[in-house]
Amino acid sequence: MADKLIIDDTGYETVIPENALRKHLYHDPEEVKAFIPGTIVGVVTKVGARVKAGETLLLLDAMKMHNEVCSPVNGIVTELSVSVNDRVDKGQLLARVKKG
Amino acid sequence: MSIFTAINDFFGRVARLVKGGGEEALAKQKQQGKLSARERLDGILDQGSFFETDLFVEHNATDFGMDRKKLAGDGVVTGFGKVDGRPVSIFAQDFTVAGGSLGRAHAGKIVKIMDASMSRKIPLIGINDSGGARIQEGVDSLCGYGDIFYRNTRLSGVVPQLSLILGPCAGGAVYSPALTDFVFVVNKVSNMFITGPQVIKAVLGEEISQEELGGAMTQASITGNAHFYAESEEEAFAQIRRLVSFLPSNCLEAPPKVKSEEPAKPMKDEIVPGERRKAFDVQDVIRGVVDRSDFLEVHRHYAGNIVVGFGRLAGKTVGIIANQPRILAGVLDVNASDKAARFIRFCDSFSIPLLTFVDTPGYLPGIDQEHAGVIRHGAKLLYAYSEARVPKLTVIMRKAYGGAYIAMCSRHLGADFVMAWPTAEIAVMGSEGAANIIFRKEIMESSDPEATRAAKVKEYESKFANPYVAAARGYVDAILPPSATRKALIEAMDFAGGSDPGNSFRRHGNIPL
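Quick mapping for you: the protein sequence lines, in order, are chains A and B.
Quick note on numbering: the numbering used here labels position 67 of the first sequence as 473, and the sequence is numbered without any gaps.
Quick note on numbering: the numbering used here labels position 162 of the second sequence as 343, and the sequence is numbered without any gaps.
Everything labelled a hint here was simulated from the structure, so no lab data went into it.
Warning: the hint list may mix true and false statements.
No farther apart than 20 Å at their CA atoms in a straight line, the calculated lysine-lysine pairs in the PhoX-like style are these [said to hold, decoys possible]:
#1 A:Lys458 x A:Lys505
#2 B:Lys449 x B:Lys668
#3 B:Lys459 x A:Lys410
#4 B:Lys668 x B:Lys446
#5 B:Lys382 x A:Lys470
#6 B:Lys382 x A:Lys496
#7 B:Lys668 x B:Lys622
#8 A:Lys505 x A:Lys452
#9 B:Lys263 x B:Lys302
Sequences are here, hints too, so could you generate the full structure?
Shown next, in the form of structure tokens:
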């Protein structure tokens, strides 16, 4: 039993099964991720653009619908990791917006 | 027509009907590694005890060429039979007949034996092997499913309902088994899902095999939809028969009583490691207490941090719920709470006393757990224990910390008898955590924080890391060594009440689902 699970500052020797402690997707407020798997059908912004929170960055086609992917913060687009026709998985990083 | 012609004609009809979809279809079923519907009935029931009903039922659908199609038994074999001499209602869908598809007449046959289960108060066993709704029959097929779901629900808590998934079980069809008490799956034979891999791919672009999506091990280990996993159909039949041996036929009967026998491996005091961070296998404790060390585990592959299942104490069935320190230190989490709560409610429905073994450091921390609703799910466990009116016996082996102490059938949730081993620690949390909070300032301001911390942990430990504080308040009834556990439980069972009449004026409570 090599695993150790720490509860209230005590480390217990035990078995931690695979996936039992699935790390929750840490939500970085500057990261824009796909909330549903689908296909990118439009890139509305570009790297270096100043955007407002709620402004559309990308169009994501999923479940036969166009979904707008919006900026989570006011700031500058520092990275666009996808282009038109890319298939994306749920949770995949699409863009980064630096606050400011 | 002479009587002999009539009888010959009758035998001819029967011979055609019992062949289901015919030789070719039966051979194909074999090829897929599956037994036929009738072989399955024979495998589960006492030899020669199957008593068939509705062999001659036919559908009366006319659309899409159905008027020209004769379907033997309308794709399902129904009737009664015995398991260890005790009557049960049983049906087996026949995949060789129109893919076991469910039409109105097919459903009508199942409904008939379900109604018999209700009026005769006998368990229901269902064997599912069906492509789903008979689309040619349209809304009549949906009516059939609805009629079955309704009866599954009305039968819930009246008679035990067991479902075997021995083939595909997809779409709406999954909800009949899901409403029953125990679901059995077989490796490479069973498949359950609401929407299959093709639809998932078309809609979401996600790719997964049928086996990974809803195969036997997926249902037994990831979703928890299945309670029993077997490598072969024969193994599943043996599991069914063994399970039935522990259960009463209905909610008005007591569970069957058999001769009391000592455990094959009686428990020794050394069962529990002195060092409380070290794990041990709680299965050894359970097998050290129950008759013949015979323990039928439910949900073996799901939420291993809690163990549930059936055993006997002095010949009488008990439902056992035990934290498993060997997996995730025995913490409570979303899945463990769901697993235990459902099991407790089954036992309470069927007059099966509850026996709880406690060694848990508390609830599992994490964003995942919080967002998965550990508050709502954890509440089910409190609710199920508090609501249960069967005798409730609890053994606190080691750690019983905080909310998890309360949840694991403490005196406060209505336990009839709580015993603790001398190694028990009943406290708000472990000594390290507690000392770090209570003595934070002293530790921080100390010239040697580590030494101070160690001293304070020791201080807390000597004061609270034992069963005596709780026993002094009467929260623990008796403190006994592990080797005395079985005898104490058998004696306590005779005095355990479980007689609280409850709130009989209310319609039902509102368990957090």
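Verification of the supplied hints:
1. Note on Lys458 (chain A) and Lys505 (chain A): the hinted pairing holds, with a Cα-Cα distance of about 10 Å set against a maximum of 20 Å.
2. Restraint check for Lys449 (chain B) and Lys668 (chain B): the C-alpha separation of about 13 Å stays at or below 20 Å, so the hint holds.
3. Of the supplied pair hints, the one linking Lys459 (chain B) and Lys410 (chain A) holds, its CA atoms being roughly 10 Å apart against a limit of 20 Å.
4. Restraint check for Lys668 (chain B) and Lys446 (chain B): satisfied, since their Cα atoms lie roughly 14 Å apart, inside the 20 Å limit.
5. Annotation: proposed proximity of Lys382 (chain B) to Lys470 (chain A) holds, straight-line Cα distance about 13 Å (limit 20 Å).
6. The suggested pairing of Lys382 (chain B) with Lys496 (chain A) holds, with an alpha-carbon distance near 14 Å, which does not exceed 20 Å.
7. Between Lys668 (chain B) and Lys622 (chain B) the alpha-carbon distance is near 48 Å, which puts this suggested pair outside the 20 Å criterion.
8. A C-alpha spacing of about 16 Å is found between Lys505 (chain A) and Lys452 (chain A), which places the hinted pair at or below 20 Å, so the restraint holds.
9. A C-alpha spacing of about 14 Å is found between Lys263 (chain B) and Lys302 (chain B), which places the hinted pair at or below 20 Å, so the restraint holds.
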